[in-house]
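As you go down the protein sequences, you meet chains A, B and C in turn.
For the first sequence, position 471 (counting from the first letter as 1) is numbered 471 according to this note's numbering, and the numbering increases by one without interruption.
Numbers in this note's numbering are just positions in the second sequence, counted from 1, shifted up by 1000.
Numbers in this note's numbering are just positions in the third sequence, counted from 1, shifted up by 2000.
Treat each hint with caution, since some may be false.
As the list claims (entries may be wrong) - For the chain A half of the interface with chain B, some residues (derived, Cβ under 10 angstroms), not all of them:
{"no.": "1", "residue": "L182"}
{"no.": "2", "residue": "S234"}
{"no.": "3", "residue": "A362"}
As the list claims (entries may be wrong) - Chain B stretches covered by chain A per the calculated footprint, using a threshold of three residues with CB under 8 angstroms from any CB of chain A:
{"no.": "4", "region": "1026 to 1036"}
{"no.": "5", "region": "1061 to 1074"}
Unchecked claim - Cut-off 25 angstroms, straight-line C-alpha distance, at most; resulting in silico cross-link-like pairs (DSS-like, lysine-lysine):
{"no.": "6", "chain 1": "C", "residue 1": "K2186", "chain 2": "A", "residue 2": "K352"}
{"no.": "7", "chain 1": "A", "residue 1": "K137", "chain 2": "B", "residue 2": "K1127"}
{"no.": "8", "chain 1": "B", "residue 1": "K1223", "chain 2": "C", "residue 2": "K2186"}
Hints in this document: simulated from the structure, not taken from any laboratory.
Using N, Cα and C, we set each Cβ at its ideal position, and we do this for glycine too.
Here's the letter readout for the chains.
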Amino acid sequence: MKKFGKLTTLLLIMLLVIFTACQNTEPVDDPAPSEKVLTLGTPYTIDTLNPYKYSSDGDRYVLSQVMESLVEADGGKYFPLLATSWSNPDEKTWDFKIREDAFWHEGNEVYEIGANVQLKAQDVKDCFDFVLDPANKARRQAELANIIEKVEVIDDFTVRFTTLEPHAYFLQNINRQPIFSLQALEVLGEDNFSFYPIGTGAFKFSEYKPDDKVVLLKNDSYPITPHLDKVIFSIIPDKSVAAIALQTNEIDVAMQLLPTDVQAVRAVEGLTTLSNTSGWYRYVAFNVSNPLFEDKRVREAFSLAVNMDEAVDSIFDIEGLAVRAPGPVPKGLPGYTDAWFDLWEYNVEAAKNLLSEAGWVAGSDGILEKDGVKMSFVLKTPNDTNRSKLGVIVATQLKAIGIDCTPQTQEWATHLEDIRTGNVEMFIMGGGSTIDGLNYMFHSKNAEGGAHNTHYKNSELDNLIEQATRTVDSEAREVIWEQAARIIVEEKVHISAYYEYVQIGINERVVDYNPPNVWVALTSPTRNVNVK
Amino acid sequence: MRIYIVKRLLQAVPTLLVISFLIFSILYLTPGDPVLLMIGSSETDSVDPAVYEAVRRDLGLDKPFFVRYVDYIGNAVRGNLGRSYLTNKEVFPTVMARMPATLQLTLTALLVAVLIAIPLGVLAALKQGSIWDNIATFMATIGVSLPRFWFGIILIIFFSLRLKWLPSFGIGDPSRGIVVVLKHLLLPALALGTSLAAMLTRMTRSSMIDVLNQDYVRVARAKGLKERIVVYIHALKNALIPVVTVLGTQFGALLGGAVVTETIFAWPGVGRLAVNSIARRDFPMIQGNTLIICTGFILVNLIVDILYGVLDPRITYKKK
Amino acid sequence: MINKQQLIGEESLPVTSMWKDTVRRYKQNKLAVLGLVIITIIIIMCIFAPLFTAYDPVLDMNLKDKLLTPGSNNHLLGTDDYGRDIFSRLLYGGRTSLITGLMVAGITMIIGVFIGCISGYFGGWIDNLLMRIVDVVLAFPFLVLAITIMAVLGPSQRNIIITLSLVGWPSFARVTRGQILSIKEKEYVEAARSSGFKNGRIIFHHILPNALAPIIVTATMRIGSTILSAASLNFLGLGVDASLPEWGVMLNQGKDYMSLAPHLSFYPGLAISLTVLSMNWIGDGLRDAFDPQMRK
């Protein structure tokens, strides 16, 4: 029996050792004190750091620190970045003045320290020519080839783009393409190039540990000296864990907070939350090619049966996390109007009447029927907390009037493919939250096989969207967008749900981070983030 | 014995072939299109059919199923598990680069589980019906009633958020010393090891009770041998046989559990890689990952079977 | 039948039926009886859920009354984040969870024990073949398998049971095999073999009863772990109906409310623990009652 005493003591001693080891170091992570380090917690996996093949938001966060595009877009406005100024001499011509102090990052295999290789107009042209060449399979090839006719060098620091047609969103499209060094691609080879970004931005790439972190260092030769010495992107897939890491000062910024964590973060002294400047559009959609939902009256009835105001209030019970969406354009973007609210109503009786008018009557089991077909289907939702909650609420409210709707959460890849291939009846999705979002979501050319495929086809809508992208005058364009969006609202293709304002948790020692658009550079002509 | 080991290793070949075929066909049936996920996974993307076709051809996805499988096996036999669709990196080194993190986690979890379970189980068996027995049963029950992701979060809330003792996420940077590494390791290992500890405790307890009632133990006692010797030499050794079996099978479960644990604790191991590859339908990565894990698993089970022989001399592996 | 049993029985104890004996010994174990009582209560409450609660677990959603604390407004255990009554969801959810747990534990045990017995007893190439199959299934990544099966069969409770059964049986097979391996060399088995008994008889009458202990333990554990596996399928977005009550799902739901409203996950957690605990006690009781060597 004695031995058991020994074993237990041994265990106890081990535990003690572990705990004392833990206690004597209060701050959990402490870098060298003189260094100014910003640690950002991001939920996104890094797929690639290749500037012409990147796809996820996570990739873009990092790339926009290391590389620059010609212009910076922030909330629908454009700021100089690599280009100091630009002009639009005629509808199809864009001239950009490149800043004369842009040098490629040094201290790597491509550019040794002191190499002083300058980025010039020719580099910009080469870069775009590379992307436009279908052989290189750049991600934006098709998109840009539809817009750009040619790129020319005017002088060392002036580059001219000629578009095929007048294009209202030319700057937007240019902004999505970081300028990279073809020399780097050549020297490193594509495989290494994809994980060693070299650019002209305020931060130099230092290291990437897969699924762990990305480390960036200050670029001293950047015209504006960054306040930060080091930027670390810590990849934390679980958002609640990121919220905790923020509270324990392990990270300075949590890029996405769950609604349930917002209060806890705000309650901690020294922490605060910032709201993303633009709302993300979330909606419940019909596959209108499904016989159940071909009839507009059915879709209208569904929208009457769902108390969306209450649903949104309940999912986001803290002020400012989301607002009710009356239509497919986020509030604040061109085309949005409050007038759409008049087109929605919560009226269960009217919903029932409309359904019986459309021929749907309750069967013996209480479920609506028409010509022997039951109103029974699945509402597919992506696997994210807020949207799957929305799915449960909508389905429950529909069940209450005899509609057999099963809410089903599914994994993202499956969801995406189901929508694209039309293997859905009703679904919840989000997106199109950019200034040309309607184009992506509803132009029949883009919608088919796309992530927002409702199978809704309307040539009038297509025409309006095309017209809008060609209209350079912003006021006139806004009117056309509004007309296009109104068709969607009136036809009840979507039951628009809410615009979600992503909450960023941030330590107050971080300065100049607001407005919290994570896609823009931390140090740029518009801001220079610092830590106290 | 040597013949036995060689034979078992040879047998692993058809096993791996079957696994590779199964995984290949299953991935073939799985919904989700790797090409679409590669070139247009975000919500604001439209996909150009020409680019789509080009990428599809590049990845060889246009070829018929069997041609792809035969190609794959042909390469795999030569030690080439292909390249990731997403990163274009070679699969084998990518997976192996993640192995140390996962082994660090699973082995610590295993150690934690064994250190908790065996003393507790033996104690419970020796003092049946006592407070120790009840504590053991209670802990075992709690251990299996808590989902890993849930328990992981609880641990983080308690030890990181409230007590501020331990870091809440990530793997410790070895350059910052062993203490940092251990501190990062403790919570995930605990989260991962708990359910195994629970299972092992129960197993040890019941197996021990069984053995203590066997005739040879009674005989040993009757002969007046010291209780300690009876318990350790005679009983424990025999009681451990089913426990070791469970350990072998549970190693697979640990790797499976590592998937969840690694995601919660932002641990850059093989499980995370598997989850991400599945989410993006990175077929070569999923296949390679599976095959490598399976190989490891088969090896562990072989070791378990050999341990049987050591623990229980009545089992022989002579060629019949 | 009874006569034969007596003839071949390796024990020459009084001529009482084996079952009566077992029941008598089971009754002597207080915890085992308590476990049975608790499980019976849980099952009865779940079956007759409408008698115990007035709320519908799905349709009675009142978004304005969400996250009520236990006891308020006629909600015995409070409400969840949709304003649904937690008590009624526990009762109705128990139906789904218990059926899933019992079915999967039962199916995997039957398959696993059968294969383990054959494998361990006959050895040789049969053993090799079966163990390779076990290796395949055990080594197969659960996630991939689950995503595929659910996608191909379509999400439903039946398919969750099928999925979990398909991946769950090998641990039983290995445990059983391990036991058989060590038991089959024992004297009484040798004796039975030399007396010319058929293999089936030896396995199921002489070996298996002595190998039951770890099998029963594994099975009782399996019920709880099945409920949790079903929950992780939901966690991964492969579940059935997101609005249906189910213990594991409820526990998941509470994950984000750990500090805001801990009662959301406490009660389903308690329900699962209580079930597992009772099953363990029952398992212990059964083992002791079955096992002839435990007779004092």
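Verification of the hints:
1. L182: violated (19 angstroms)
2. S234: holds (6 angstroms)
3. A362: Violated, about 34 angstroms.
4. 1026 to 1036: As far as the region 1026 to 1036 of chain B goes, the hint holds, because 4 residues have Cβ atoms under 8 angstroms from chain A.
5. 1061 to 1074: This one is violated; 0 residues, fewer than the three required, reach chain A with a Cβ under 8 angstroms.
6. C:K2186 / A:K352: violated (74 angstroms)
7. A:K137 / B:K1127: Not OK: A:K137 and B:K1127 at ~70 angstroms, beyond 25 angstroms, violated.
8. B:K1223 / C:K2186: Status holds; Cα separation ~22 angstroms.
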